[in-house]
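One letter stands for each residue in the lines below.
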Amino acid sequence: MIPASILDTFAAIMLAVAAVSAARLVVARPWQQGTQAILADTDISHLLMAIAMAGMLVASLQTLPNAAWAVVFAVLTAWFAYRVIRDARASGVRALAGGHCAPHLIHAAAMLYMFVAFTAPAAHASGGMGGMAGGMGGMGTLQVPFLAFVFALVLIGYTIWDLDQLSGPGAGGHYSLAIARTAPAAAVLVGATAGSGAAVLSAPSAAAPASATAPVSAAATVGQQADASALASPAGQGVLAPWVATSCRIAMGVTMAFMLLIMI
Amino acid sequence: MTEIAAAGVRPGWRSRIDAGVSTARGTPDVRRRLQLGLAGIWLLVALLQYQSFMFSSGFNQMINATAAGNPRVVASPITWDATLVSHHPVLLNSIFATIQLLIGIGIALRPTVRLALVASIAWALGVWWFGEGLGMVLTSSASPVNGAPGAVIIYALLAILLWPADREGRQAPFTAARAIGAPIARALWLLLWLSLAYFALLPGNRAPQALNGMIASMESGEPGWLAALERSAASLVAHQGLTASIVLAIALAIIAIGVYLPASAAKATLVLAIVVAAVIWVFGEAFGGILTGGGTDPNSGPLLILLALSYWPVRATVTASARTAVIPATGQEGTTA
Chain H
2 MIPASILDTF
12 AAIMLAVAAV
22 SAARLVVARP
32 WQQGTQAILA
42 DTDISHLLMA
52 IAMAGMLVAS
62 LQTLPNAAWA
72 VVFAVLTAWF
82 AYRVIRDARA
92 SGVRALAGGH
102 CAPHLIHAAA
112 MLYMFVAFTA
122 PAAHASGGMG
132 GMAGGMGGMG
142 TLQVPFLAFV
152 FALVLIGYTI
162 WDLDQLSGPG
172 AGGHYSLAIA
182 RTAPAAAVLV
192 GATAGSGAAV
202 LSAPSAAAPA
212 SATAPVSAAA
222 TVGQQADASA
232 LASPAGQGVL
242 APWVATSCRI
252 AMGVTMAFML
262 LIMI
Chain Y
14 MTEIAAAGVR
24 PGWRSRIDAG
34 VSTARGTPDV
44 RRRLQLGLAG
54 IWLLVALLQY
64 QSFMFSSGFN
74 QMINATAAGN
84 PRVVASPITW
94 DATLVSHHPV
104 LLNSIFATIQ
114 LLIGIGIALR
124 PTVRLALVAS
134 IAWALGVWWF
144 GEGLGMVLTS
154 SASPVNGAPG
164 AVIIYALLAI
174 LLWPADREGR
184 QAPFTAARAI
194 GAPIARALWL
204 LLWLSLAYFA
214 LLPGNRAPQA
224 LNGMIASMES
234 GEPGWLAALE
244 RSAASLVAHQ
254 GLTASIVLAI
264 ALAIIAIGVY
274 LPASAAKATL
284 VLAIVVAAVI
294 WVFGEAFGGI
304 LTGGGTDPNS
314 GPLLILLALS
324 YWPVRATVTA
334 SARTAVIPAT
344 GQEGTTA
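Keeping their order, the protein sequence lines are chains H and Y. Convert by adding 1 to the 1-based position in the first sequence; the result is the number in our numbering. Convert by adding 13 to the 1-based position in the second sequence; the result is the number in our numbering.
Chain H extracted, bound-state conformation:
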């Protein structure tokens, strides 16, 4: 029987991720920037996953029925699959391993799997997922447990990679503020189509250095671009900094792997 305190801790972390993701959406205001709505997908998925996982961990935090969540994550999985395929066409198979969307695809697919493959224990059969606070005895399991194991391994892999890159010296486009620092504070993503293979930043701020006011073509391909939501932000700093999104992803990766493993 897993102590409630451990489940509560993971649920609290998920609520914090949900709050941060919501804050990022509010500050970035993607709905006011037309084409940039597409770039909010990361934060929207983080928000939804965090809320769903908190409800799975603690019964009192449940929000939607399992079937509704399954539909939500089916849509998210399809969306990120579409984006990964689009990235793969532009950047090749590297997009699958190191692309921006591949980890989110795995996260969404793992969530979908958890809701679809969940088998409630007999005592809770009518109560949906019913939380895990009852411990293994009162907790459901997942069908096709090998798939849960595989998902957990992949999630752990991405988490470890994120941690390494987050603390790395160069820290690549995904994680550092190198691009945001080079570009002015008001840099706006004006083109991030997968077909172009590169993001273009326009830099209208008068306070910015002259060299930075010209459009900056990111050298990276789409798969190596900075976190999309951070690029879309006015500043890419504060709550919109790339490391914040990465930290959320790390927290969710660990929590999701934890949930998959305890439900084997």
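Errors might be hidden in some of the hints.
[To be verified] So, partial list: chain Y residues that the calculated Cβ filter (under 10 Å) puts toward chain H:
#1 G50
#2 L60
#3 G139
#4 W142
#5 G308
Honestly, the hints are just simulated from the structure, not real lab data. Using N, Cα and C, we set each Cβ at its ideal position, and we do this for glycine too.
Using the hints, position chain Y against chain H.
For chain Y alone, coordinates are given in the frame of chain H:
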């Protein structure tokens, strides 16, 4: 930019930490990738430690079982540990799992990699004794098929071999030799695999039905397809204990001496090591019993594979002093190996 200029970019302590960690713009080099593999396994172990089974009496019974057959001086602390865990299962298991979680995260984070590797060595040695009964190597039941000489000791070995430092003025023939040198690294490899060959030939393991029984016992609690796989493998070696043990011991001995052979032959033996480790992991260890919901770790299979990869011959591994460079675009220190 010159090395002198590069040295001024960041403090010395940070330069030492970054040494041998990355190639450019945060892309990890081979050793760093192997460290990340180790970190991933630690993270997996930590999350498995949070399973409900580990908070039950089953966990302390599992620990207690490793005392059986060991000399009293080894067994007594194990019994004491099992008793302690039985009295405080929630507190102690939470601490155990969290320590392992921190080790995994610590290795994955570059600034804390050394601290985490040191901690992993200390923790692994403790678990090897108090949790695995020294891998049962002092009993007659140790077998390479069931995880001898104890998976956890391989964590410690990997932490040493993947230590983020380079011996000055030498070019390491493989990643595992970068920190401690090729002779010592080869000797450790030889010791490990020869000991596995020795365990394979123990009387208890070469009995006609020994291997069959060992594999068949892994079937319990596994999903249908894996149980069927175990049954098939067990029937394949039924009454063939002696033959199977000799074949396995020969393969393990070849692997042991492989690192002393020329590069092409060494690669062949390393591939053999990876195949043997994978076969052991699937058929002998059933993925560490993880799919039963009661596995504490993935057992030795993945660690042996990671170990083999760290001995893969490389053309030239440049030493730390030669690697320091600056990435012009960022001013960040990187490596060019």
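Tell me, which hint numbers fail for this structure? 3 and 4
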